[in-house]
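Spelled out from the first residue to the last, the chains are:
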Amino acid sequence: MATRYVMSIDQGTTSTRCIIFDQQGRLVSVTQREHRQHFPQPGWVEHDAVEIWRNLERIAPEALRQAGVGLEQVAAIGIANQRETTLVWDRHTGVPLRRAIVWQDTRTTALVDELAARPEASMVQKRCGLPLATYFSAPRIRWLLDEVPGLRERAERGEVLFGTMESWLIWNLTGGPDGGLHLTDVTNASRTLLMDLTTLEWDDDLLDFFGVPRAMLPQIRPSTETYGVARTVLPGVRIGAALGDQQAALFGQTCFAPGEAKCTYGTGGFLLLNTGKDPVRSTHGLLTTVGYQVGAEPAVYALEAPIAVTGALVQWFRDGLGLINSAPEIETLAKTVDDNGGCYIVPAFAGLFAPHWRSEARGVIVGLTSYITKGHLARAVLEATAWQTREVVDAMNADSGLALRGLKVDGGMTADNLLMQCIADVLDVPVVRPMVAETVSLGAAYAAGLAVGYWPDLEGLRRNWHRAAQWLPAMDPARRESEYDNWRRAVERTFGWLQPRR
Amino acid sequence: MPGPVQSIQRGAAILRLLARSSGKLGVGEIATSLGLPRGTAHGLLRTLQLVGFVEQDSATGKYQLGAALLHLGTSYLDVNELRSRAINWADALAARSCESVKIGTVLDGQVLVVHHVFRPDDTLQTLDVGSLMPMHATALGKVLLAFDSGAGAALGNGPLEAFTRRTIVAPKDLTRSLAGIREVGWAAQVEEMTVGEAGIAAPIRGHGGLVVGAIGISGAVERICDAKGQPNTALVTFVRDAARAVSRDLGAARW
Ligand SMILES: Nc1ncnc2c1ncn2[C@@H]1O[C@H](COP(=O)(O)OP(=O)(O)OP(=O)(O)O)[C@@H](O)[C@H]1O
Ligand SMILES: [Mg+2]
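Residue numbers (UniProt numbering), protein chains in the order written: chain A, 1 to 502; chain B, 1 to 255.
It is possible that some hints are incorrect.
[Stated by the list, open to error] Pairwise CB distance ranges, derived in the manner of DEER restraints:
1) A:V148 to B:L50: 16 to 24 Å
2) B:L124 to A:L458: 22 to 30 Å
3) B:T32 to A:P149: 43 to 51 Å
4) B:T175 to A:D428: 47 to 55 Å
5) A:R358 to B:T32: 49 to 57 Å
6) A:D208 to B:D121: 54 to 62 Å
7) B:R182 to A:G342: 27 to 35 Å
[What the hints assert, rightly or not] Beyond 10 Å from chain A on every Cβ pair, some chain B residues (computed):
8) A13
9) L69
10) A92
11) D108
12) V129
13) G150
14) N157
15) R166
16) Q230
17) T237
Source of the hints: derived by calculation from the structure; they are not laboratory data.
These figures come from a predicted structure and were not determined experimentally.
Quick reminder that beta carbons are idealized off the backbone N, C-alpha and C, glycines included.
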């Protein structure tokens, strides 16, 4: 019998990737395509969902061609996606009503303040595990319902559908207007503010609170399950999994036991800790979220610390300031100096996420003197990711009552050795990168492969995990403390920058 | 002897024109200035853009000289970018070969290790990125010597340092060995650096086929070589496939 493979689709914030993996979890081919970022106003970020769908139509067959693999050799497709990005589209035409509103978008700030002032607001976090913030989907749905004439009525009649990117892709793959399946998985649903974290169902009180009609919502399903068969792009192939990208990375890092954690460094940084069968409530600014649900088994929960801006700061250094030509050159530039020269950058571009949750914060560069060169700024860019990691690890340690003994990392920024060393230094624990840096994709593939029996069980997947690189801490403790102190003072300077409109 | 190649002449004229002009030029202006059909000028500009010699302003669509022209003589591809672009394939090579993987470039007559993936057996290993290795005694180094005529300059004409009994020390032996490497497209090293260890490497090519680095595996000689002491052919294939995949991603057309 011909060798069989699993294909992953990673629909990310900046690009969409298709990767084909073999049974040992080794990458066989990879194709990728970026999509445009639309910034129609300060604080607004949008994606064209049709462009993203077209990109997938191109890169999925290309990945097969590159690998020399036929459709019949693909055991299943697994999807991982940027989370919380909100789309509504017409059920009959398949046309989106607006561009998708991206997770970084802060247009709902005023709406969220208004909702937070209501007496029932305290129910939100208890029910869904998330603080009421612009980061999540429900306020965006509400914003669209208020903004687009006639949308609410059409949504109530079920003519308009809501979904995050996995729902959009699955609906299109399974036929679109012609019988496409409208569903989401528990991990993505757990990021809407609309799902009850214990029943794993849409919650009537939350739907009422946000004013979202149930008829527009997708059906919630486990993360790994054969949802259906693709009718286009990859016709005949089973769709075996969907997970939010960060949960997919947790899965790809095989963090299957309570206490296991990983941090993924892409556009943002996301630390997730497996907490087992029970949702753990944070008292230190972390989110409670669903880690994954394998078929009919009980869901596994996670504590999550999202950092809004990590790689995006490097991207800004490249595109906004034009000081480098490619992201990896940040390391070259940073190495032209020995330290940050006293300079710190806090990238509170859209406020600060964990552990601070300050939507009114805005970014600062502090410690500027005439001594500072672009090399020092490049160092400060990388250190910003390291110190933000330190803050969320401290919060995680405080919540779990255990000290993290090592950090498993993945994502595009792990190619940066200076950054990885810096993270090991400021955390004072070893930092370990696994053999597949594209852990988001690997996790989606693992989940889909499990659903169709391509891989037998979680233990089998664990055996595929191998250490590809390790960085050991080597920083003088006194220096670590004084630098951390400087960082914290820099962070405080971002607070309260945006003032309510007078 | 064939005559001058027209498209190169035209490309050079475009570069001169852009260098002379103070601002940025549109494709129409360039075509008119040089008396070229618009489509031809556009095609040339696209190619020059691909190799980094011109850049296009995304807002206005106009062209200017590219950053790559400014450091033509120095590093062609930033080593950290090389690592980022190669990381997926280096991982896959380590997973397939069950050996450690390194990527090297030339630095002052030595091999600079720019990327290192551990052997996937989860034993204790330390990251070697940033270390330097001799060119003539490593598979990575021999690949770099074979495909980069400038790289050998620093080795000089005298005898080379011997690390083991099998190190190639006579310059003329090295020259012969490099010719063989150019012919087959990959290099091996068997106990030439350290007794008991061997390695296999192949070139990474960028635009136009220019060699920008080498990728290879190294490990115990009994795993890298077959019973006759020859590099294991399956491993050679893995290394060459990985080198080709990275080269393809970097834009080398034929590799
Ligand atoms: N060598 C490097 N040093 C520092 N940052 C880097 C390096 N290489 C890539 N990055 C940054 O990492 C990010 C890309 O990583 P990755 O590909 O994992 O993200 P992504 O998956 O595209 O993100 P998303 O899923 O949000 O679209 C970019 O923001 C880029 O600036
Ligand atoms: Mg991603």
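Verification of the hints:
{"no.": "1", "hint": "A:V148 to B:L50: 16 to 24 Å", "in the structure": "violated (42 Å)"}
{"no.": "2", "hint": "B:L124 to A:L458: 22 to 30 Å", "in the structure": "holds (26 Å)"}
{"no.": "3", "hint": "B:T32 to A:P149: 43 to 51 Å", "in the structure": "holds (49 Å)"}
{"no.": "4", "hint": "B:T175 to A:D428: 47 to 55 Å", "in the structure": "holds (51 Å)"}
{"no.": "5", "hint": "A:R358 to B:T32: 49 to 57 Å", "in the structure": "holds (55 Å)"}
{"no.": "6", "hint": "A:D208 to B:D121: 54 to 62 Å", "in the structure": "holds (56 Å)"}
{"no.": "7", "hint": "B:R182 to A:G342: 27 to 35 Å", "in the structure": "violated (51 Å)"}
{"no.": "8", "hint": "A13", "in the structure": "holds (25 Å)"}
{"no.": "9", "hint": "L69", "in the structure": "holds (13 Å)"}
{"no.": "10", "hint": "A92", "in the structure": "violated (5 Å)"}
{"no.": "11", "hint": "D108", "in the structure": "holds (17 Å)"}
{"no.": "12", "hint": "V129", "in the structure": "violated (5 Å)"}
{"no.": "13", "hint": "G150", "in the structure": "holds (21 Å)"}
{"no.": "14", "hint": "N157", "in the structure": "holds (34 Å)"}
{"no.": "15", "hint": "R166", "in the structure": "holds (30 Å)"}
{"no.": "16", "hint": "Q230", "in the structure": "holds (25 Å)"}
{"no.": "17", "hint": "T237", "in the structure": "holds (14 Å)"}
The structure is inconsistent with the numbered hints 1, 7, 10 and 12, although it conforms to all the rest.
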